[in-house]
Amino acid sequence: MVSPARAEHIGSLKRPDALLRKRADFALGKCTAAELRAVENECIADVVRMQLELGLPVVTDGEFRRFLFYEGAFERLGGMKPVRTPPEDWFQSFNFVKTLPSTLITVDKLSRVKPLYGDDFDFVKSVLGPENISKLKVTMCAPEWLHFRHGSYTYEPSAYANDADYFADLTRIYREEIQDLYSRGCRRIQIDDPIFSCFCDEIYRAHMTQAGVEPRRLLDKYISLYNDCLRGKPEDMVIGLHICRGNIKPDATPYTQGPYDWISEPLFTGSGFDCFYLEYDSERAGGFGPLRYLPRKKRVVLGLVSTKTREFEDPASLRNRIMEAADVIAHGEDPRPVEEALAQLSISPQCGFASHSRGFAWVSPEYIAKKLALVRDVAREVWGEA
Numbered sequence: 035m036v037s038p039a040r041a042e043h044i045g046s047l048k049r050p051d052a053l054l055r056k057r058a059d060f061a062l063g064k065c066t067a068a069e070l071r072a073v074e075n076e077c078i079a080d081v082v083r084m085q086l087e088l089g090l091p092v093v094t095d096g097e098f099r100r101f102l103f104y105e106g107a108f109e110r111l112g113g114m115k116p117v118r119t120p121p122e123d124w125f126q127s128f129n130f131v132k133t134l135p136s137t138l139i140t141v142d143k144l145s146r147v148k149p150l151y152g153d154d155f156d157f158v159k160s161v162l163g164p165e166n167i168s169k170l171k172v173t174m175c176a177p178e179w180l181h182f183r184h185g186s187y188t189y190e191p192s193a194y195a196n197d198a199d200y201f202a203d204l205t206r207i208y209r210e211e212i213q214d215l216y217s218r219g220c221r222r223i224q225i226d227d228p229i230f231s232c233f234c235d236e237i238y239r240a241h242m243t244q245a246g247v248e249p250r251r252l253l254d255k256y257i258s259l260y261n262d263c264l265r266g267k268p269e270d271m272v273i274g275l276h277i278c279r280g281n282i283k284p285d286a287t288p289y290t291q292g293p294y295d296w297i298s299e300p301l302f303t304g305s306g307f308d309c310f311y312l313e314y315d316s317e318r319a320g321g322f323g324p325l326r327y328l329p330r331k332k333r334v335v336l337g338l339v340s341t342k343t344r345e346f347e348d349p350a351s352l353r354n355r356i357m358e359a360a361d362v363i364a365h366g367e368d369p370r371p372v373e374e375a376l377a378q379l380s381i382s383p384q385c386g387f388a389s390h391s392r393g394f395a396w397v398s399p400e401y402i403a404k405k406l407a408l409v410r411d412v413a414r415e416v417w418g419e420a
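Residues in the sequence shown are numbered from 35 upward in steps of one, following my numbering.
Just so you know, the hints here were simulated from the structure itself, not pulled from any lab data.
Ideal Cβ placement from N, Cα and C applies to all residues, glycine included.
Among the clues, some could well be false.
[Said to hold, decoys possible] Once the Cα atoms are required to be at most 30 Å apart in a straight line, the calculated BS3-like pairs of lysine-lysine come out as:
no. : residue 1 : residue 2
1   : K255      : K267
2   : K405      : K159
3   : K255      : K132
[Claimed, not checked] The calculated label-pair distances, taken between Cβ atoms and stated as ranges, are:
no. : residue 1 : residue 2 : range
4   : S145      : L86       : 34 to 44 Å
5   : E358      : P300      : 16 to 26 Å
6   : G320      : S37       : 42 to 52 Å
7   : E373      : A350      : 17 to 27 Å
8   : A67       : H365      : 54 to 64 Å
9   : E367      : E269      : 21 to 31 Å
10  : K64       : E269      : 40 to 50 Å
11  : L54       : R118      : 18 to 28 Å
12  : P371      : A195      : 44 to 54 Å
13  : S37       : D411      : 14 to 24 Å
14  : E122      : L86       : 15 to 25 Å
15  : E415      : S192      : 56 to 66 Å
Please model the entire structure based on the sequences and the hints provided.
Following this line, the structure appears as C-alpha cells:
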C-alpha cells in the first residue's frame, strides 16, 4: 500500500487563460485537436511542476482536459449516445438539475472500447519521472452518475431490461479500468461523488420518497454497485470516495447540506473504499460525530480548508479541528488510542479549485498555491510530514 498522504488536494485546479482560449478556438473550428492537446500538455506539465515545488505528496493533472469534473468516463464508452436538449421528464425530480443542454443515454450494451483515463495518466507520469509516480492520483466519475440523473431513462429498453444488467456491465468496465490504471503504475484513485451528499440532506431524501424511491434502498444499491466495482482491486492501490456538495454555482453555495450521520455507518463499514474525502469547511456538513463508525483500517481526509472563500483559515484552528476529529474516532464504536485515530486522518481542501473549466473568476494561481501550502504546513505540524 502506498504511504498515506497527510496533505491531500481534491484534484481540479484553475485552468490558465491560454488553455481556455485554445479550447474556445477548438470549439469554433479554429485549431485542430492536436494543437489543443499540445497546449493542454504544456499547461499540465506546468501545474504538475507547481505541485512538486510545493512539496505536495499527491499530484493531479488539475483536470485540465475536462470541462466539468465528471468528464472522462461515460462519453468514452461504447453504447452511449449524446442527446441535445433532452426533455425535462428524463430527469429524476430529486436530481440536482431538472434540465441540461445535453446528456448521455445508453442505447446499446456498454463496452470499454478504449482506456478512459490511461492516456492522461501516462502523460503526467512522463512529466513526473519514475521517482514520483506513486504521488499521481486519478480522479474518476461516479459510476451511478447518470443513473441518479435519469432513473429509468438512463438506458433504452433495447439495451438493458433492468438496473441489475446495466450495473453488471458498468462494474465490469470500472474493474477493467482500475486494473489497466494499476498496470500503468497508478496507485491512487479518487472517485468524485456528489450524489452521496444528497442522502445526507433531508430535503433530497423527502424528494426521493415523494417520487416513490426509498432512500435507504437506493443508498444500499449504490454501495453495492461500488463494492462490485472495487472487487478484486490490487491490495497496494488506494481508492477513495470524495463526497462532494457542489463547487460550481456562481455564488459558491452547495447543492446539498446536512451531516453525514445518515450515511456514515453503512458507508464506512459496508463499502470497500480505503478512504473517504469529506467536506468539513462549513457548518452545513455538521460535526465529526459520524466519524465514530470509522473502522480501524480505513482513513478519512478532512476537507477543512475552503476553496469557495477568499479568507485563509487559521492554522491553530485547523490543528484543533483535526484533534477533535481524532478524539471522536478514538471514543467511537470501536475505541482506540487517540494516536491511532490521528494516524487515520489527513487534511485537504473541501473540494477542487475549479470543478468546471472556468472556475471562480477571483481564484488565482497565487491563491491556490497559498491554500495548498496551508494544507501542507498544517499536515507537517500535526503529523510531522505532508
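How the hints compare with the structure:
1. A C-alpha spacing of about 20 Å is found between K255 and K267, which places the hinted pair at or below 30 Å, so the restraint holds.
2. Note on K405 and K159: the hinted pairing holds, with a Cα-Cα distance of about 25 Å set against a maximum of 30 Å.
3. With a C-alpha separation of about 23 Å, the suggested pair K255 and K132 falls inside the 30 Å cut-off, and the hint holds.
4. In this structure the supplied range 34 to 44 Å holds for S145 paired with L86, their Cβ-Cβ distance being about 37 Å.
5. In this structure the supplied range 16 to 26 Å holds for E358 paired with P300, their Cβ-Cβ distance being about 24 Å.
6. Taking the beta carbon of each, G320 and S37 are about 30 Å apart, not inside 42 to 52 Å as hinted.
7. A hinted range of 17 to 27 Å holds for the C-beta pair E373 and A350, which are about 20 Å apart.
8. Taking 54 to 64 Å as the suggested C-beta distance range, the pair A67 and H365 conforms, at roughly 55 Å.
9. At roughly 25 Å, the beta carbons of E367 and E269 sit within the given window of 21 to 31 Å.
10. Taking 40 to 50 Å as the suggested C-beta distance range, the pair K64 and E269 conforms, at roughly 48 Å.
11. The hinted range of 18 to 28 Å is satisfied by L54 and R118, whose Cβ atoms lie roughly 23 Å apart.
12. A hinted range of 44 to 54 Å for the beta carbons of P371 and A195 is consistent with their spacing of about 52 Å.
13. In this structure the supplied range 14 to 24 Å holds for S37 paired with D411, their Cβ-Cβ distance being about 19 Å.
14. Separation of E122 from L86 is about 46 Å and departs from the stated range, judged on CB atoms against 15 to 25 Å.
15. For E415 paired with S192, a C-beta distance near 58 Å keeps the hint of 56 to 66 Å intact.
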